[in-house]
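All chains, please: the whole structure from these sequences, using the hints.
So the sequences go chain by chain: A and B.
Heads up: the first sequence begins at 32 in this note's numbering, then just goes up one per residue.
Heads up: the second sequence begins at 897 in this note's numbering, then just goes up one per residue.
No wet-lab data here; the hints were simulated from the structure.
Keep in mind that this is a model prediction, so the values were computed, not measured.
A virtual CB, placed ideally from N, CA and C, is assigned to each residue, including glycine.
Wrong hints could be hidden among the right ones.
Unchecked claim - Per the computed footprint, the stretches of chain B lying under chain A, defined by three or more beta-carbons under 8 Å from a beta-carbon of chain A, are:
1) 921-935
2) 1024-1032
3) 1079-1092
4) 1117-1125
5) 1153-1165
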Amino acid sequence: MAETVRENPLLKVEQLKMYFPLTKGLLSKTYSWVKAVDGISFEIYPNETFGLVGESGCGKSTTGKCAIRVLQPTEGRVVYKGRDIAGLSKSMLKPYRRELQLIFQDPYGSLNPRQSVFSILKEAVVLDRERHTAVEANERVDELLTLVGLDPDMKSRYPHEMSGGQRQRLGIARALACNPKLVVCDEPVSALDVSIQAQIVNLFRELQAKLGLTYLFIAHDLAVVRHMADRIAIMYLGKIVEVIDSDHIFREALHPYTVALLSALPTTDYYQERKRSRIILEGEVPSPVNKPAGCAFHPRCKYATETCRQVSPGLRNVGRNHCVACHNVAV
Amino acid sequence: MGERILEVRNLCTSFFTHEGEVKAVNDVSFHIDEQEIVAFVGESGCGKTVTQLSLLQIVPAPPGKITGGEVFFKGRDLLQHKPNSPEMRSVRGAGIAMIFQEPMTSLNPVFTVGHQLTDIIMLHRKVGHKEAWEMGIEALRSVEIPEPEVRMRNYPFELSGGMRQRVMIAMAVYCNPDIIIADEPTTALDVTTQAQVLELLVSLVKQHRKSLIIVTHNLGVVTRYVDRIYVMYAGRIIESGSTEEIMTKPRHPYTIGLLNSVPKIEKERSEKLIPIKGAPPWLIDMDPRCTFLPRCSYACEVCETKEFPKLRRLGESDHFIACHRDIAGSITGSTTGRLDSAGRHDLGGEAHG
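The structure is reproduced here in structure tokens:
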């Protein structure tokens, strides 16, 4: 199958590794490492939404933070607009900060409770490279609030006076203040109620169309990610096990973990839910400190062979931008 | 389905705060039969958890207070007894057991799993320590925990989230209660663990012929296992019926809205989600009219003027809604279409008084 020819990626991550040391004793001697992200590569193209899914502890948030250099990766390259930013110093990174923004899961924890809405947004606005007079800054704050569907009259409120959905909208407005190119959304809707979740998901899509944003969308809920993202990477224990177009994931997923995730996903379709059989995975996710040898998924995989126990599989392209890391999938 | 084991009538629970009375549970009536699995569905703050806490009279008081209603458990009214009376104590755990959302906060961090498990077994089964320990191992084995002998000596923090929730299930089931209430039992767990724990819970309940109440905000979770659903909004039950009825022919605008807001993996991605506008109301000084009115896209003159609609039966079925209007259009199911985004829909039946 022919690969679709694409423009240059906005962000390219190559063999990214992020290890956290485990220390003990008075001198904090490192005795082991948490291999949170263990050699992953992916590309994000302009105007695309790239989804990252996995269970807690699989390294998806760490990946997101490395991608915009909130964390400095242990190894690997993070190429943004053709330049490797993985090793840049704090001051060298400054021009990139505006273009790379982060939206957090917990909108309450990421907003200063002692700052009013206006003060939170103005802080972000004055950091924008364009100089603003006081009046212009005010206008920009109003503009941002309207953009995310908040009433500009809310300016004088404090975060605790707002509902969860409104706070998340404020978090989004703050991230958009400097006209970013790439926004990393780290579980942006999982703390919200279902009816509010849909409002925010729709808002993300509207903003993308309006402002030409590129998203790295991180979540544990496959249904939400599939709805948002154009392509999805499924992570398991610090590695990407499958990358697939989200239009195809429901029918064409190949990796046993992806298939199990899809099957575990609760649906609201009564007749289908009652008749479909579920794949219940045995056991739990192993610790990222003592990873199993070979394929990290093999202790829970019913297709595991001797090769799986010894050799870690690499991502292989099986056509149509679909990559799988599994020994048992024929190319 | 067996006999009616629990019948709750007009239950009201309020929290008295500085700002005023929060009517967390407002005139809630429901029932559960033997060997039945029912679900309470709603968003945070809708009163679904407080309803369950009220049954066992474990609402934090003050500020909480059960202000009215009757809770008939096996024919006797539990609310006649004081919260700390021997009668209530004998119901908790042995009659109605509860599994909470966050197993880490419901297990004591400074005692081993075995210690806590044997405590409960000795209390309810009237056996000695040694026997209780053996029974504890048996209980852990029944919830499919590997190496139960080792796990008995572990502290809660040494177990994973799924494992802790299994311990809670073991505790609940082993006291042999008639009803198990599971309050968001899988919300804190990962998707694949969620499936494991739910399958286990439901199979244990069925095997022991118990009744189960699942409290959840996730409509998808309940579709598979539950016989009947109660949908709650702002302290009231606004729709109830069999799972099939609710999931395929929801009639209350709020339930319809909830089902529309969930992204569906089997549907086209280009379809926009249809959110419910606005946010849930404050429960202080509530509008006497329909609580869903400000968010409802079907609201009409009747809704603007009349008081909160009482739950009423639809035809001969067991389907109840609290809505002045009757929206016959259904939304889910593979055969039927969706509502347009404005939510305007031809009315099937005319508005009832």
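Quiz item: According to a criterion of three or more residues whose C-beta lies within less than 8 Å of a C-beta of chain A, is the stretch 1079-1092 of chain B covered?
Solution: With 7 residues closer than 8 Å to chain A, the stretch 1079-1092 of chain B meets the three-residue bar; holds.
Quiz item: At a Cβ distance under 8 Å, does chain A reach at least three residues of the stretch 1117-1125 of chain B?
Solution: Check passed, 3 qualifying residues.
Quiz item: How does the coverage statement for the stretch 1153-1165 of chain B fare against chain A, requiring three or more residues with Cβ below 8 Å from a Cβ of that chain?
Solution: holds (count 11)
Quiz item: Holds or violated: the stretch 921-935 of chain B covered by chain A, criterion of 3 or more residues with Cβ-Cβ distance under 8 Å?
Solution: Since three or more residues must qualify, the claim that chain A covers the stretch 921-935 of chain B is violated, with 0 doing so at under 8 Å.
Self-check item: Per-stretch coverage check for the stretch 1024-1032 of chain B, three Cβ contacts closer than 8 Å to chain A
Solution: violated (count 0)
Hints 1, 2 from the earlier list are contradicted by this structure; the remaining hints agree with it.
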